[in-house]
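J.: So the chains spell out like this:
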Amino acid sequence: MIQEAAAAFAPQITASAITGILWLIPAFPIVASGIIAVLKQPRRRASAALAIGSLACSLLLALAAMGHVLAGRFNGFAVRETVNFTWIQVGAAQVELGWVLDPLSAVMLVMVCFVGLLIFIYSTGYMAHDENFTRFFCFLSLFAGAMLGVVISNSLLLLFMSWELVGLTSYLLIGFWYQKPSAAAAAKKAFLTTRVGDVFFLLGMVWLFAQTGTLLFYNAGKGSIEPLRLALLLVTPSHLGMTAATGIALLIFAGAVGKSGQLPLHVWLPDAMEGPTPVSALIHAATMVAAGVYLVARVYPLMQAGVQVSQSGEVIGSTTALTVVTWVGASTALFAALIAVAQNDIKRILAYSTVSQLGYMMAGLGVGGVAVGMFHLITHAFFKALLFMGAGSVIHGCHEEQDIRHMGNLKIEMPFTFLTYLAGMLALSGVPIFAGFWSKDAILESTHTWDVSRAPFYMLVFGAFLTAFYMMRQVSYVFFGNWRGHGEAHESPSVMLLPLMVLAFFAIFLGFLGTPFWPWFRAFLDGHPAEFGLGAFKEPGLLALMGTSSLVVLLGLGIGWRLYGNKSVRADDADVLEIRFPTLWTLFENKFYIDELYGVTVIAFYAWWARVADWMDRRVWGGIVTGVSWLARVGAQASSLFDTDWINGGFDKSCEELANGGGLMAGVQNGRVQIYLRLLALAVVVLAAILIWSSRG
Amino acid sequence: MNGIPLLSLLTFLPLVGAVIALFAKTHARLVALITTLISLALALMVWTRLPGDGSIGLVERATWAPSLGIEYHLGADALGALMLVLSAIVTLMSIDAAHRVHREPGLYFALVLMLESGLFGTFTALNFFHWFLFWELSLIPAFFLIKLWGGAKRGPAATQFFVYTMAGSVGLLLSFLAVFLATGSMDFETLGAMAFHGTLEPAVTAHLGPMMMWLTVGVLVGFAVKVPLAPFHTWLPAAYSEAPSPVTMLLTGTMSKMGVYGLLRIAIPIFGPQIAQIRTPLLVLSVITVVMGAWAAAAQKDLKRVFAYSSVNHLGYCLLGIFALAVPAAGTAVLTSQAAALNGVILQMFNHGLTAAALFWFIAMLQERSGGERWIDHFGGLRKPAPVLAGLMGIVLFSSLGLPGLNGFVGEFLIFRGVFALSWVSAAFSILGLLVTAAVILTVIQKVFTGPVPEKWAAFPDLHGGERLAMVPVIGLMLLLGLLPQLIVNSVNPTVMNLLAHWRF
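So the sequence lines, in the order shown, correspond to chains G and Y. Take the first sequence: its letter number 2 is residue 2 in my numbering, and every next letter is one higher. Take the second sequence: its letter number 219 is residue 219 in my numbering, and every next letter is one higher.
Don't read these hints as lab results, they were simulated from the structure. Because the structure is a prediction, the values reported are computed rather than measured. Heads up, a few of these hints could be off.
What the hints assert, rightly or not - In silico DSS-like pairs for lysine-lysine, Cα to Cα no more than 25 Å straight-line:
1. Y:Lys384 <-> G:Lys180
2. Y:Lys384 <-> Y:Lys301
3. G:Lys40 <-> G:Lys222
4. Y:Lys384 <-> Y:Lys153
5. Y:Lys153 <-> G:Lys180
6. Y:Lys447 <-> Y:Lys301
7. Y:Lys301 <-> G:Lys180
8. Y:Lys384 <-> Y:Lys447
9. G:Lys40 <-> Y:Lys384
10. Y:Lys456 <-> G:Lys180
11. Y:Lys456 <-> Y:Lys301
12. G:Lys567 <-> G:Lys411
13. Y:Lys456 <-> Y:Lys384
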C-alpha cells in the first residue's frame, strides 16, 4: 500500500494559459444563471439553451485543462499550477483566494461538467411540463457554477464560499416544488443539517488561518497544506490534547460529514429526494455529496500529516484524523446499506445506497489514500447518476409512482431504461468487469491491509453483500414479476434515454482506468508513471480477495433473486424478509429511528432553549426591569420635593404640544415618563454632587 | 479641509431640512428625500476624502467653552465615515419606505431628519459634551416617532425605550463628568492619549479615589443598553416591534450602531485597560447575547420580534469581536487577530445595518399588502402569488444568514477569525448562534413563502415596478460587498491599524 510517496515527476509551478482562464469554468454557468434569472418564465427554450450551452463551454475548457495536465504528464511533469491573489487585507495579513489545476481538480472538473451536461439534457425532457422550467435551469446552472468553484479552489476560503453556495442551490432545488410542505421541510432540513457540519468547518478554517497565516492550499511552498506549514501545525499543541493539525483536520472533516451525508449527519440526504429526480441525480448522487469526499482528498496532506512512513515509502499506521475518517466511512457504509434493504421508495433506496457508497469513499480515503477514494467517487458518479436518471425514467413512465411495490415487469414496456438500469445496478453491486467492481475492490484491498483494525474490512465486505442484495431486490420489484401499478407504463422520450446510454457505457467500461494490472488512475493522481503489467495479480492475496468479493457480490445477487426474482406478488403483500425477521425489518424500515432520536433530542433541545430564552427575556430580565421601574416610581414620588422643573417642565410641555398637534392624545400615557425622568435627573444631580464633592476632598 | 467644513455641513443640513419639512406638510417626504440624497452625497465625499493612513481627518475645531473643557471638535476616520454613509443610506431607505405616513407627515419627516442629524453628529464629534448632545438628540425624535406613529402598544414601548436608554446615558454622563473633574478634558483624543500613556488612571485615582473601574462600568452600561448587550436588551423587542417599520429600520440600521461605535471610539480607547480586566465576564455576556438572541428569535411568532432578536444576535458578534480583542498586544500574531476581529466588527456594523434595514423594509411591504399582518403562522405560500417579493426578500434573508457571496458573510468570517485566536471558547460557543440563526431564517422562509397558498393570499400583490427599482441598488450593494469587500476594507484596514496602534489594554 503506497500512499502519497514523493511524486516521481518534478512538480511544475508556473501557471499556463489554461490555468489563467480556469476561473471561466465556474463563471460560465454562473453568468448563465444570472441571465436566466431575469428571463421571463415563458422563455423555456432560451433558458435551457443558455444553461446547456454554458456548461458545454465549461466542459470544453475542462477538457482542455485535462489535456494540459495529460500533456504535462506525458512530458514528465506532475502539473500543479495555481493562480493566487489577495482578496482583502486585514492588518498586515492577507486573505487570499486562488485556483489550482492539478490532476485531482482536472479529473473532478471533467466529471462534473460531463455528468452535469448529460443531466441538463435529460432535464429538458424530465421537466418539460413544469411551469417553473426556467427557474429550474437557473438554479441548476448556479449549482453547476458553485460546484465547479469548489473543485478549482486553491483556497480553503474560496472552497468554503462555493461550498455554501452549493448548499444554497441544493436547498433551492430540493424545495423546488415549494408548494409541497414536505419538499419545503426537506429543503430546510438539508440546509440545516449540512450547516451543522459547516460551522465546524468554519471553525477549522479560521483555526487553520490563525495558525498558518494563509488559507491557500498551494503557494510555492508557503501554502497551508504544504510541508513547511504542516510541520508547524504538527508541533503546535492545541486544546484537548491534540495537535493543531489533528484538530483542524477533524473540524474540516465535520464539514465533509455534513455534505457527504456521513453518520451522524446523514439524515438529510434521503429526505432530499423530495426534489425533482434530475436534481437527485446531479446533486444528491453524482456531484455535491461527493464534495465532502473531494474536500478530504484536497486537504489530504493535512489529514495525513505526521503519519509514519517506512523507508520504502509505505505508510505505517494511520493518523488520528484518517482513523476517524475510516471509521465514520465504514460505519456509514454498513449502516446505510442495512436501511436500504427495507425501503420501498425507488429513490430512497438509491439515496441510502448513495450514503453507503459515500461511506466507502471515505473509508477508501482513510486507508488507501486520495486515489482509492477518488476513483470510487468518479465511477460512482457515473453509475449513480445513471441509476437515478433511470429511476426518473421509471417514475416518469409509471405516472409519478415511486413505490416499487406498485411497479413490476417494466422490462417489457421500458426496455431501454431496463437495460441501462441493469448496467448501473451491476456496476453498483460490484460485479466483475463493471466499473464499480474495480473501484470498490481497491477500497476493500486497502482496508484489508490496514494496520489499525480489520473491522472496517469486514464491515465493508458485508456492506458489499447487502448492496448486491438490495439492488437485486429493487430491480426484481421494478422490472420483473407482475405489473402492479395503475394505468399503463410507457418508455421515456429519447432525450432522456440518450444520456442513460452514454452513462451506461461508462458504468461498464470506466473501471479499466484503474485496474490492478494497469493502475493508471492512481498513477495519474499521484504523479507516477503507470505501468501495465499482469504482475500485480501475483501480489499475495490479491486474487483471493478479488475472488472473495466477487463471490460475496454474487451471493447477494443470488439470494436477492431467490427471494424476489420473477415472483407474482400483490402490492400490499408483506415483504418476504418482513415475515421472517419482523423486528429487524421494522428497525431497518424506520432507519434505526435516528430521525425520531433527533426529534426527541436535538429538535427538542432546540425548542426547549428557544422557550427558555424567551422566558428569560419576558420574566427574568423583563422582571428585573419592571422591579426597577417600580422602585423608581416609588422613589420619585417620595422625592418629588427635589423635583427639577427646569428639566421636566419643558419636556412635558413639548410632549403635550406634539401629541395635541398630532391629535393623538389617546394612547399617550402621560405620567410615566416624567416620573422616570424625575428620578434620573435627581440621580444625576446627587451623583454629580458626590463626584464634585469627592474630587475636592 | 479645502475651506469647506464638510462635517458641520453634513450634520446641520438635515436640521435645516427638518425645519423646511415641518412647514412643507404634504411635500415633506420629498423634502426629506432630497435632503437625505444630498447628505448621502456629502457622506460619500467624506469617505473619499479620508486621509490614507487611517487617521482622523477633515478635522474642524473651534473654541466653545474652554473653562468647561468643551470644544467644537469634529473629525472622521474610516470608522466614522462608514457610519455616516450607512446612516445616510438607511435614512434614505427609511424615507422611501415611509410612503404611507398620512398623519402629520411634516412632523414625521422633520423628526426623521432630526434623527439623522443626531446620528451624523454622534459619528463625527470628538469632544464628549458635543458628542453627548447629539447622542441624546437622536433619542428624542426616535422616542416621538415610536410614540406617535407606532403600533398598538407604542406607549409603553416608547417609554421603556426612552427611559432605558436615558438611564444608560446617565452612566455615561457621570463617568465623563468624573473624568473631566480629574483631568480637565473632555476631548476623546486627549483622554485616549492619556490612557495610552497610562496617565489617566493615576489622575482619576488622585482626584477621586480608586474608582476607574466604576467609571468604566458606567460607560459600558451606557453603550450596552444601546447596542444592546444582554441583559440590557429588553427594551429592544418591544421598541422594534411597536415602532412603524420605517422607524424600526432606523433603530436597527443606525441607532444600534451608535452603541458599537461608542465602544470603539470612546470606551476602548479611554477605558481599555479596565475593559481588559473584566474581559471574561464581558465575553460571557457577548456569547449569551449571540446565542440567546438567536434562540429567543426562534421562539417568536411576530415577524418583527423575530428580526428584532435576530438583530440582537447579529450585533452580539460585534460585541464578541470587540471584547475578544481587549487583550494586551503580545506580538504580531495577536495583532493580526485583533486586526481581523476589528475589521470584521466594522464590516459587520455596516452590513448588519444594510441588511436589517432591508429586512424591515420587506416586512413593511408584507404588512402593507396583508392589512398589517405580522404573525408568521398567518402567512404561507406567498412565493406563488408574489415570486419577486419572495425572491428578493429571500436574498436579503440569506444575507442575514451569512451566506458567502452576500455582504453578511465577510464580517462574520473575520470576526470568527479574530475571536478564535483570541478566545477560542467564545468562538466555539458562538457558532451555536450561527446555527440557530440559520434555523430561524429558514423557518421564516418556510412559513411565509412555501406550502399551499391560503385563499386569502391568493391575490397577494407582488412588488410593483417602483418597489423593484428601489430594491435594485440595495441588493446590488449586498452582492457587491459580498464579492468585493475590499471596497470597504481597503479604507477600513488602515483605520483599524491606526486605532489598534493607539489602544492600550
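J.: Take the C-alpha atoms of G:Lys567 and G:Lys411, compute the straight-line distance between them, and say whether it is at most 25 Å.
T.: The given pair, whose Cα atoms are some 14 Å apart, holds under the 25 Å limit.
J.: Verify the proposed pairing of G:Lys40 with G:Lys222, using a straight-line Cα cut of 25 Å.
T.: violated, 48 Å
J.: Check the hint pairing Y:Lys384 with G:Lys180 against an upper bound of 25 Å on the C-alpha distance.
T.: Cα-Cα ~12 Å, so holds.
J.: If you draw a straight line from the CA of Y:Lys447 to the CA of Y:Lys301, is it 25 Å or shorter?
T.: The hint holds at about 11 Å.
J.: Could you grab the alpha-carbon distance between G:Lys40 and Y:Lys384 and see if it respects the 25 Å cut-off?
T.: Cα-Cα ~15 Å, so holds.
J.: CA of Y:Lys153 to CA of G:Lys180, is that 25 Å or under?
T.: violated, 37 Å
J.: Does Y:Lys301 pair with G:Lys180 here, judged by a C-alpha cut-off of 25 Å?
T.: Since the Cα atoms of Y:Lys301 and G:Lys180 sit roughly 22 Å apart, the hinted pair holds (cutoff 25 Å).
J.: Between the alpha carbons of Y:Lys384 and Y:Lys447, is the straight-line distance 25 Å or under?
T.: With Cα atoms ~13 Å apart, Y:Lys384 and Y:Lys447 stay inside 25 Å; holds.
J.: Given the hinted pair Y:Lys384 and Y:Lys153, is their alpha-carbon gap at most 25 Å?
T.: violated, 33 Å
J.: Hint check: Y:Lys456 vs G:Lys180, CA-CA at most 25 Å. Holds or violated?
T.: Judged against 25 Å, a Cα distance of about 18 Å means the pair holds.
J.: Below or equal to 25 Å on CA atoms is what counts here, so check Y:Lys456 against Y:Lys384.
T.: holds, 13 Å
J.: Hey, Y:Lys384 versus Y:Lys301, does the alpha-carbon distance stay inside 25 Å?
T.: holds, 22 Å
Of the numbered hints listed earlier, those contradicted by the structure are 3, 4 and 5.
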